[in-house]
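Trainee: So the chains spell out like this:
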Amino acid sequence: MAVAEPRRELASPSWTAALHDWVTTVDHKKIGILYVVMAVVFLVIGGCEALLIRWQLLVPRSDFLGPDTFNQLFTMHGTTMVFFMGMPILIGMGNYLVPLMIGARDMAFPRLNALGFWATLFGGLLVYFSFATGGAPAIGWFAYAPLTERTFSRSPATDLWALGLIVSGVGTTTAAINFIATILGMRAPGMALRKVPFFVWTMLWTSVQIAIALPPLTAILIMIVFDRNLGAHFFDTQNGGSALLWQHLFWFFGHPEVYILILPVFGMVTEVIPVFSRKVLFGYEFMAAATMAIAFISLGVWAHHMFCVGMSRTQDIYFAVASLLVSIPTGIKFFNWLATMYGGRISMASPMLFACGFLSMFLIGGLTGIMLAATPFDFQLSDSYFVVGHFHWVLIGGTLFGTFAGIHYWYPKVTGRMLSERLARWQFWLLYIGFIVTFGAMHISGFLGMPRRIYTYEVSRGWEFLNQLTTVGALIQAPSFLIFVYNVVWSYWKGRPAGDDPWDAWTLEWGTTSPPPSYNFAAIPTVRSRRPLWDLKHPDDPDWKYE
Amino acid sequence: MNAPHSAPGSSSPLTPSQWGMLAFLFSEVAFFTTLIVVYISYLHRDGVGHGPTPAEVLSLPLVIGTTICLLSSSFVIHLAERALDRQRQSTFCLLWFATIVLGLAFLLGTAYEWRELIERHGLTIGRNLFGTTFYTLVGFHGLHVTVGVIVMLVVLGLALRRRVTRDNQIGVQLVSWYWHFVDAVWVAVFTVVYLVGR
Chain E
2 MAVAEPRREL ASPSWTAALH DWVTTVDHKK IGILYVVMAV VFLVIGGCEA
52 LLIRWQLLVP RSDFLGPDTF NQLFTMHGTT MVFFMGMPIL IGMGNYLVPL
102 MIGARDMAFP RLNALGFWAT LFGGLLVYFS FATGGAPAIG WFAYAPLTER
152 TFSRSPATDL WALGLIVSGV GTTTAAINFI ATILGMRAPG MALRKVPFFV
202 WTMLWTSVQI AIALPPLTAI LIMIVFDRNL GAHFFDTQNG GSALLWQHLF
252 WFFGHPEVYI LILPVFGMVT EVIPVFSRKV LFGYEFMAAA TMAIAFISLG
302 VWAHHMFCVG MSRTQDIYFA VASLLVSIPT GIKFFNWLAT MYGGRISMAS
352 PMLFACGFLS MFLIGGLTGI MLAATPFDFQ LSDSYFVVGH FHWVLIGGTL
402 FGTFAGIHYW YPKVTGRMLS ERLARWQFWL LYIGFIVTFG AMHISGFLGM
452 PRRIYTYEVS RGWEFLNQLT TVGALIQAPS FLIFVYNVVW SYWKGRPAGD
502 DPWDAWTLEW GTTSPPPSYN FAAIPTVRSR RPLWDLKHPD DPDWKYE
Chain Y
701 MNAPHSAPGS SSPLTPSQWG MLAFLFSEVA FFTTLIVVYI SYLHRDGVGH
751 GPTPAEVLSL PLVIGTTICL LSSSFVIHLA ERALDRQRQS TFCLLWFATI
801 VLGLAFLLGT AYEWRELIER HGLTIGRNLF GTTFYTLVGF HGLHVTVGVI
851 VMLVVLGLAL RRRVTRDNQI GVQLVSWYWH FVDAVWVAVF TVVYLVGR
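If you read the protein sequences in the order shown, they are chains E and Y. So for the first sequence, our numbering puts the first residue at 2; every next one is plus one. So for the second sequence, our numbering puts the first residue at 701; every next one is plus one.
Keep in mind the hints are simulated off the structure, nothing from the lab. A couple of the hints might just be wrong.
Across the chosen pairs, the derived CB separations fall in these ranges [as the list claims (entries may be wrong)]:
#1 Val60(E) with Ile818(Y): 50 to 60 angstroms
#2 Leu300(E) with Ile818(Y): 37 to 47 angstroms
#3 Val854(Y) with Gly67(E): 47 to 57 angstroms
#4 Leu300(E) with Ala888(Y): 17 to 27 angstroms
#5 Arg898(Y) with Phe123(E): 41 to 51 angstroms
#6 Pro190(E) with Ile818(Y): 53 to 63 angstroms
#7 Phe143(E) with Gly822(Y): 33 to 43 angstroms
#8 Cys49(E) with Leu760(Y): 53 to 63 angstroms
#9 Ala888(Y) with Met349(E): 49 to 59 angstroms
Per the computed footprint, the stretches of chain Y lying under chain E, defined by three or more beta-carbons under 8 angstroms from a beta-carbon of chain E, are [claimed, not checked]:
#10 727 to 738
#11 743 to 755
Which chain E residues face chain Y? A few, computed with CB under 10 angstroms, are given here [what the hints assert, rightly or not]:
#12 Ala182
#13 Leu185
#14 Val209
#15 Ala214
#16 Leu215
#17 Met224
#18 Phe235
#19 Asp544
Predicted model, so just to flag it, every value in this text is computed and none were measured. Where is the CB? At the ideal position from N, CA and C, for every residue including glycine.
Take these sequences, add in the hints, and give me the full structure.
Mentor: As structure tokens, this is what we get:
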């Protein structure tokens, strides 16, 4: 929108021209694709780190990696998956879809948008640059004080980690500001906030959460940099600094963060389920209110990560109750999804398959979350493999399955081609089975007392079989990701042409061509209901009569 | 300032750039709240003999002077905005310039304060927890004042070339919102550091 696309008459521009095009683009769709490609690359890197970790834990007393490398790998695995895979893939899909869904021609600030992407990417490269300085940071992704102080982590890796996250965090914050401005200020005529597609609504609240939670993270990372390089004492326990304060401030970011990683996915699933059930979304208003409730409650539950640190009884009870409260709006969402499917003409195409995978797995992850929110239970299992199993269950079973539902749903819009259903089914079942084997076994090894982040264990502990099961599960999952990458690349050239609206859907992005032109819509549409495309297709029976 | 405005017929009460500035300031509130929370958590936690305390070294008269500069600048920038709205270009430039001068006066006062603290009292960022939290909080606020002064200088340069008019006053308004925000943060910092925390 801000710059006119230079018209290229050549059939295929030379690769330097194409590269120049992609590097200098301010088109929200291209930036969205860049975000998603970046996220998938980091997904593969983070996945390889996970496989190395699993190979080390395959047998007791293994000397495959050694403790130092092991610590670096789990730090980088966590950091990568949260900051350079999870958030970028959701922000990228939001970037691509939000303007299309609200009938706008671009984001509110196209150049700021490009800045946000490049900051995120270079933040990631900065963190990974630590490998070239003699080793990655070995502090864990939540970097508890005083381990991050120079006394305990002497190499520059920790500085690079903090600086990289500051840079990418600023990028993420600008993306959130851009979403808020776009969604609140640039909706098509007639699209009141009560009529936005549900994915847009969840992106709005995710952005609000980012704007509240990311700046505190930036602030405490700056404090780490000051401690390490200017001799400040924020988290320097020998000079009065507080390790507990770091935990509070980190989790004040860290807990909203997990909702930042799940709310947009709720949005994607909420777009997919009605279309593949051929029904209107059940209880839009309750879904919308539940999203807001989650966004607010999640700001007040952070210390449930810290029950074992020894807080007062009052604090324990407050944080347990607040955490349990989250299950109410989440439960509302679940029942609304099920009620939407109930009585519908359900088609199990790949997006719906992944959405059902999401429903079944996120439910279980949510239930173990309720278990861990109960303080005495948490005392027993804190920092055990039960916790590792739990949060992978929500992040993979929730975020990843839901994101795959979204990617399979919108890929035809982005490329004009369909993904192969056969490959998608292979991908789904390998991931589904491998995932249950890996993380199911982790819950049990956690019950048997295996702590997280240990690089090896003794034969006598009886954890051997469960660890082997976990590693085998990881090996089942690995080809699933390869199939996904292969499917995305192969279908781009060889996939069946999709047409503009392959799923017979109802939101505005399906009203333009696939792929959409750089200006998105020739004429800005006027909206009268939550399903503007339904109104267009069925002028005899439009939705706005009933809303 | 190049942002596209709302689609015609859109029901949004603000333009996208106004929403963007509000969202940005919202995120800044979260940033400064963190710094203030940390300042309060470490207040009076230095043991005896661990360097100067706030009560010993912070000079109230100087800070009251700089505070008056900053708070009055908020008023002046508001008058500048009104002048632009009434198309009084030269009044606008004059008032805008006055805002910059007041901002610079605040920064000079802070610079003098810091020189005194470092050279006379030996309070550095590494001396004790008070130094660590004080310089970080007041420093980040000062950084925001500096950024504001630079942005206002750019606007002044454009205005002197007659490029700032009533038609693009939203840009001017956004700068002024930012400046009001920086002032509001100072009210909080002043209260916590110089009134309650001394």
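Trainee: It remains to establish, for every hint, whether it holds in the given structure.
Mentor: Going through the hints against the structure:
Hint check: Val60(E) to Ile818(Y), Cβ distance near 58 angstroms, so the stated range 50 to 60 angstroms holds. A hinted range of 37 to 47 angstroms for the beta carbons of Leu300(E) and Ile818(Y) is consistent with their spacing of about 38 angstroms. At about 54 angstroms, the CB distance of Val854(Y) to Gly67(E) agrees with the hint of 47 to 57 angstroms. Between Leu300(E) and Ala888(Y) the CB atoms are about 20 angstroms apart, so this pair conforms to the stated range of 17 to 27 angstroms.
For Arg898(Y) paired with Phe123(E), a C-beta distance near 43 angstroms keeps the hint of 41 to 51 angstroms intact. Separation of Pro190(E) from Ile818(Y) is about 59 angstroms and conforms to the stated range, judged on CB atoms against 53 to 63 angstroms. Checked against the hint of 33 to 43 angstroms, the C-beta distance between Phe143(E) and Gly822(Y) comes to roughly 36 angstroms, which is consistent with it. Under the hint 53 to 63 angstroms, the C-beta atoms of Cys49(E) and Leu760(Y), about 59 angstroms apart, fit the expected range.
In this structure the supplied range 49 to 59 angstroms holds for Ala888(Y) paired with Met349(E), their Cβ-Cβ distance being about 56 angstroms. Counting residues of the stretch 727 to 738 of chain Y whose CB lies closer than 8 angstroms to any CB of chain E gives 9, which reaches the minimum of 3, so the coverage claim holds. A stretch counts as covered by a chain when three or more of its residues have a beta carbon under 8 angstroms from one of that chain; for the stretch 743 to 755 of chain Y and chain E the count is 4, and the coverage holds. Taking 10 angstroms as the C-beta cut-off, the interface hint given for Ala182(E) holds, the closest approach to chain Y being about 4 angstroms.
Hint status for Leu185(E): holds, given a least beta-carbon distance of 5 angstroms to chain Y, under 10 angstroms. Below 10 angstroms, beta-carbon pairs count as interface contacts, and Val209(E) has one with chain Y at about 8 angstroms; its hint therefore holds. Here the hint on Ala214(E) is kept, as its CB sits about 7 angstroms from the closest CB of chain Y, short of 10 angstroms. Because the beta carbon of Leu215(E) sits about 7 angstroms from the nearest beta carbon in chain Y, less than 10 angstroms, this interface hint is met.
Taking 10 angstroms as the C-beta contact cut-off toward chain Y, the hint placing Met224(E) at the interface holds, the least distance being around 7 angstroms. The beta carbon of Phe235(E) is positioned within 10 angstroms of a beta carbon in chain Y (closest approach about 6 angstroms), and the interface hint is therefore held. The restraint placing Asp544(E) at the interface with chain Y is violated, with a minimum CB-CB distance near 19 angstroms, outside the 10 angstroms limit.
In terms of the numbered hints stated before, the structure departs from hint 19 and from no other.
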